[in-house]
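> Chain residues, written in single-letter form:
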Amino acid sequence: MLRADGTSFQNCDGVTRRNFLQVGAPVLGLSLAGLLRSETLAAAPTASHSRKSIIVFWTHGGMSQQDTYDMKPEAPAEYRGMYTPIETTVPGIIVGERFPQQAKIMHHLSQVRSVHHDNGIHAPSAHWMQTGHFGPTLARIGQQQPSFGSVISRSLGPQQPQMPAYVAVPKAEAFGYQRAHYLGKAYNPFDVGADPNGEDFKVPNLSLPGDLKLSSINTRRRLLAQFDTIRRDIDRSGVMDGLDTFKAQALEMVAGDHVREAFDISKEDPKLRDRYGRHQYGQSALLARRLVEAGTRCVTVNTGYWDHHDNIESGLEEHLPPLDRAIGALVEDLVERDMLDDVLIYCAGEFGRTPLMNGHAGRDHWSNCFTVMLAGGGIQGGRVVGASEKWGGGVKERLTSPLDVLATIYQTLGIPLELHYEDSTGRPVSIIDSGRPIRELL
Amino acid sequence: MIRHCRITLIVCAAMSVGHTFACAEESSRIRFTTDVVSVLTKLGCNSGGCHGKATGQNGFKLSLLGFEPEFDYQAIVKESRGRRILPAAPERSLVLVKATNQKPHGGGQRTSVGSEEYEILRRWIADGVVAPAADDPVVERITMSPREQVMENRASEALLVTAHFSDGTSRDVTRQAVYESNEPEIASVESNGLVRTHDRTGLFSVMVRYGGSIATFHAAVPLQATGQPQSEIEARLKHLEQNLTSPVEQSLIRQWKRLGITPSEPADDATFLRRVSVDICGTLPTRKEVEDYVADTDMEKRNRLIDRLLDRPEYASNFCLKWADILRNRGSGYATSKQRPGTALFSGWIRDSLAANKPYDQFVAEIITASGDQNENPPAIWYRQVRTQADYVESVAQAFLGVRIQCAQCHHHPFDRWSQADYYGLAAVFSRVGRKGGFADAEVPTNEVIYLKDKGDVLHPRSGRLMRPKALGGPEFPLTGYDDPRRSLARWMVAPENPFFARTMVNRTWAHFHGRGIIHPIDDARDSNPPTNPELLDALAAEFVTSGYDIKHLIRVICNSYSYGLKATPNDLNGDDSQTFARFYPRRLSAEVLLDGISQVLEVPTQFAGGPGSLPPGTRAIDLPDENVPVSFLDVFGRPARTSSCECERVDAPSLAQALTLINSAEIQRKLTAETGYAAQLAANERTHVENSTDIFLRLLGREPDRMELQAATDFLKSEEDRGEAYRSLLWSLLATNEFMFNH
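Chains A and B, in that order, give the protein sequences. In terms of our numbering, the first sequence opens at residue 1 and continues consecutively. In terms of our numbering, the second sequence opens at residue 1001 and continues consecutively.
Please keep in mind that the hints were generated in silico from the structure rather than gathered at the bench. Misleading hints may appear alongside valid ones.
Cβ pair distances, simulated, as ranges [to be verified]:
1) B:PRO1605 with A:ASP200: 31 to 37 Å
2) B:HIS1239 with A:GLY193: 56 to 62 Å
3) A:ARG51 with B:SER1112: 29 to 35 Å
Facing chain A, from chain B, some residues (calculated, C-beta under 10 Å) [as the list claims (entries may be wrong)]:
4) PHE1067
5) SER1191
6) ASN1192
7) ALA1295
8) ALA1344
9) ASP1576
10) CYS1648
11) ALA1653
Positions of the beta carbon are idealized from the N, C-alpha and C atoms, including for glycine.
Whenever a hint applies, use it, and build me the whole structure from the sequences.
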């Protein structure tokens, strides 16, 4: 067994001890010696020098592929939907008319139009797309495997030690399946907790409660250093050192500049903010860019609820234009900053929607064949991988599983596909059970 | 007869270079099961991360660790149109070309052309890919030499492994076996069985696997004392040996002597009081308790303190929390679910059982044999979360027998003796557990009736054979219309001679107080994960059984032990120790104890969410019935979701969110600023900074401040204009110290 995490897979407890080595050791360069001295941390985890990050646009509820990336203009009206296709910068690729911004940068975007899994229920499907495993059949049942964001967070850590590795804007969604489960709470997403488009946007977790003043935090930091003098060599488990490291990091986040500035979207040029669009998705995308620039590894932008069973047109009119603007502006911005090759962009939900409109002018759940979009991160742009049948429906070419998509993401970010972690019973579980990277994109 | 085929093979391999291999000795024919599969295991091909995982790797799947040779033969020879094997040109076979990375291989280069492993595979192909036959010899057991050793630092020891086959032959398989050290920092092991110790001292084991069998090498690396006169160390241990005569303490001291370890000094009274109050009652001592205890001159005061704590209701609450985790008293579901009355009932039953000191054998038997309406028989609520075959088997094995049997659900346990027959035999004990009624308003139905069905079969998943109910490594139980095999299981479990039951409980309890099990992790007992001090485990188990499974008695024995009373501070002669309890191993206060501790010292209770089954004001976190009371502080600090019987689900791993919660959560700020709270009292009182600072230290840390600390605190308080903010800051900074957050 390739033990890429460098641990004995017999030791259930070891799982938890490793948690903070991953994040804790590089943080502010503190206490590394102490951590390595510890008996439970015999082996170092995957050291990553990957420079890549990922921004995810999650379309919770399921976005209609046939009104967006996989248009069927030749199909009868009840399949075709209400939108007209438009040309893009890539000859032969058309998209729905509500995607004009993405049409202008289509040479950077790739679509996988043949994603398929076998489930039409939100919860298990969201679990499948988020974790690579079929999941609970009811939303009230908790997550059973770690999300890909948590795997990324744990295996790569942040690029800049002060930053949280995995951030959710405005907060974790998808029935909670964006969390770390047995990887450990340290790898849950950091919830921004507010709409970045809000006036006077502030991150609740970073803003001081009540009338607590910044000067008090600095006083407390000084006092803590003065009184926190218990001998550190009494603890060989690494927990004490790890906690020291995180306390320093948290104080730095709350009272220091780097993190607060990264979250301070008001520092952006208002013209650029306009380009992203003055709405939640646009400003979330802009915040995501600021965060990966400052050293966050994975940002998930959650874009509301797309479960358009009734009157899909009004739903899409609300969701598509801001999503399009956000993605379009983000790609352009990353190109201008020469960052596109280092930042992977991924847009997906738990499934797509039925090719045939239903009697309520809506579309229902459809997992037989739907589209996800990938861009940047060094993958090929302007590609279409796989195809759906004539009027939508089934996969016509190149069946692609959720795991193939995750394998592509992991490989692009530099995470070894053989990596595995122990679940809460001590059993080693691979981050990818099966699934092969989509070679057409690499 | 031991035939050293290793030598034969190397000679044969040398001969084979450049021409077709032909080894005269017929008996050295390569056998698929014992030779080829062993190579696949040795090279890691069939491991769980590669081709051994359930879905295989890149379309090539092998049985995990080679437990199904027939399957592997099909996979290699027949599948994929036989392209993996090329008998006409063996060295061009895909299996060899891939394993040597001559063609790109996701697993990289596993071996090189001409290596011993390569030659075994190549010869097997050249010989015509002989299939495994029913009468092929199989490995019956492996033995190793030496089995135990005392080693010095930076020394090496060559292990010799012999496989004994069903046809009566045996041979040296040292090079074919797979090795793993359980303490790589103390000693590592090379693929040829050479063990190398490093700079650390302590105990370690090396697990060896070959042909589905395992054996374990146990070794000790004693401390080579330098500097301190040997006679002094010996005198100290001798003194201890003469004064501490209980079997538990004698076994500790004997091990320290063997390993050349000197225990730390005994902890002072204030430290011990805080430690034992937290461990028994989950509660910090008050200032008055500290002062009274320190002033008490009775020689027996430690003993009396332990008794007093065991009589307090907080003892039952604190251990109820632990058992409610292990027994998975989980309440998750929709906000409107009716799970809470049930979880409260089950928690209450656990708490009452502990408070009444119900014997442990009775406690467990009442749970696993529970029947009837869950509203009337609270232990039947265990069956709410434990409801599938896997739940029954794994919960019983892990919670009460200290065995992780999960692996044997799908395949033979790779590091233990358990087979699928063991797994499904235990499952059959529960095959007739029936359920009636209940309504599905949460993850699991509420208010079921548990009863014994007339029928219920468990079949072996591979052979399809009907499984008879069977104890783990124990007898089969009768299964007639009149028998509830759960009762037979309970009788078998609680019998004094049961090898698992008492040991699991004493180990669990020892770990609760010492921060580490004698077997560690506590629920993973197996030959390849031996106790660090078998005598100690035996002594405790004997004491527990003799006492009639008296839990409070067990806790008394452990809390009165010499090791539990030691300082955490290491000395020159035990700094490395993390296995023999030669000093106290500190750990962070658990989520609930930490939150309650902050509430207690600041005199501001936590307000838990209301709603159906709302909790009365003043409820403490250790009294919460289930995990479904939303308290972010508790989740952040590692409260378990109760989805597993493993205590490892409760984690103490530090995280950024914990630090942020301490620093700027609204809850901590609320407790610091509450009008009636301790901080407000300090701001308003007329006492001097010296008096207040002393009170703060006694209250938060259970000790007086030293001179420097008192000076620093009063200097700071004097320098601040806002007296209220000054006290809040001082309190916060002490709450955030590791001294406060840890039991030490």
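> Hint by hint, work out which the structure violates, then give me just those numbers in ascending order.
Violated: hints 4, 5, 6, 7, 8.
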